[in-house]
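Q: Since chain A is already given, all that's left is putting chain B on it; use the hints.
Number of protein chains: 2
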Amino acid sequence: MSAPAADAARPLAIICGGGSLPIAVAKAVSGRGRGVVLFPITGTVSPEAVAGYPHAFIALGQLGRLTRLARKFGCRDMVMIGTVLRPALRQIRLDWATLRELPRIVAMFRGGDDHLLTMLGRIFEDQGFRLLGAHEVAPEILVPAGPLGRRVPSERDRADIARGLAALTAMGPFDIGQGVVVADGHVLAVEAAEGTDGMVERVAALRGAGRIPLPAGRGVLVKAPKPGQDRRFDLPSIGPRTVESARRAGLAGIAVAAGATIIAEPQAVAAAADAAGLFVQGVASEAAKPPESA
Amino acid sequence: MSAPAADAARPLAIICGGGSLPIAVAKAVSGRGRGVVLFPITGTVSPEAVAGYPHAFIALGQLGRLTRLARKFGCRDMVMIGTVLRPALRQIRLDWATLRELPRIVAMFRGGDDHLLTMLGRIFEDQGFRLLGAHEVAPEILVPAGPLGRRVPSERDRADIARGLAALTAMGPFDIGQGVVVADGHVLAVEAAEGTDGMVERVAALRGAGRIPLPAGRGVLVKAPKPGQDRRFDLPSIGPRTVESARRAGLAGIAVAAGATIIAEPQAVAAAADAAGLFVQGVASEAAKPPESA
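Protein chains in written order, with my numbering: chain A, 10 to 303; chain B, 10 to 303.
One chain only, chain A, in its complex shape (with noise of 0.2 Å):
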């Protein structure tokens, strides 16, 4: 193990996946004095979105080419932080470093995502490197506990966070996502592989359908990170087009475990919330305490 407070004065390596929250965090670690080298994936991050960094694009699988790099940049923290769709194994073009590690990157792609996340940061920590999380960072891109906009949950929008955070509890042990969306008590749709924005892509068509026999205005979308899960990486995360696609569905708001829960554009989630009478709330639950072990 390295030293924390010598590499905390070194430059912070981000692999930014795609979204708004990789930009959200180096402008944070930045404005607190640290410097920043930005690693976009390929395909998934446009050169304009990382122009004002230090930065070097790697493809999918080039592990040797990113640590080369981030050494050279004198790195030694690593952050993981935007979204990353499953690849194709197509997609991937692995360089040598990776073809070394690619009997457990094959063993990784056999469990659920927690596993797919926890392995490649034990390869970069056996590389040297310290994988930290976005939060730790920037913990001002954690939405805090109560409403982010002006309107607040009912009393019957509070039973269904509390149904909805009881059933990601349930499904803890499954790896299986981190969202559903409850309406009166009904557990109207569960996120696995498609991610929040298919499943509540999902909900909008079937109201739309006439399949949901509920007015509009009722159910919430809940988000919490499964329990026991690394923080290092993977927490939920939301922003303005998470508020677009519950107001799509018809839903009354959104809840997120507070503390644990990144968010890139806090006021655009707010003032898109207010637009749409949607309420954006930051709930305590069980899975936002972090493992006994950690």
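Rather than coming from a laboratory, the hints here were simulated on the basis of the structure.
Just the calculated beta-carbon pair ranges, DEER-fashion:
(1) A:277 x B:77: 54 to 62 Å
(2) B:210 x A:36: 36 to 44 Å
(3) B:36 x A:218: 29 to 37 Å
(4) B:210 x A:128: 25 to 33 Å
(5) A:69 x B:36: 52 to 60 Å
(6) A:286 x B:57: 41 to 49 Å
Beta carbons are placed, not taken as given, at the ideal position from N, Cα and C, and that holds for glycine.
A: Only chain B this time, still in chain A's reference frame:
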């Protein structure tokens, strides 16, 4: 309570939703020498499908018409079978008997499916009818243990089946759904309001988009009733269309709880599975045990 033996001599009222199951049940019951009267729900069943049996169409919400006609035909025992999508409230035509029950019916919609059906069963029982499960009047419609076609699950498939059954059991208390898709230990999809076909089509779409990094021929659709579920209605069911969906989703096969899953056309299912190279397996499951209190 009325005397079951005397009731069994009277014709059986079959409230028919969509699909081929209601007719399969009517045929099986007639084959045993018992009379049947079909009450197809308007809009879900074609007049041709029920032409061979005494029948009267009913609209959703016409409880009064249904119970009046069933009494006129001399029925005491009732079976509800077939797919009924949760209707939009505006599609329901309320008659007076239904209006009297409206507070209870509104309460139904607030719970999950189990609650809805259990309450509906109670309303019929209060009216002097006895609600039976389709499998009680026609046990030949249940999937037996073992393979239906020529193929059998591999060791990997068996691990996926075990994981799927465990996930369904964990979700049981939340009345979510009766199906999951598991591939290489990873839960790819969970069924809720969209139904089994909707869930399997989603897996096909994710696979088509390259978002499932596994070759075709991996993954199992696992279906089982919810633990503690009232077996008189809403047992999971499969048919040739389920096999066709599973084929499109690139799955290895389908596993269903033996003795607790309804199948309308076993020969057609076996033939479709053999043609597609899929297995269809009746498996023992915790969930397949009826509740202790039954």
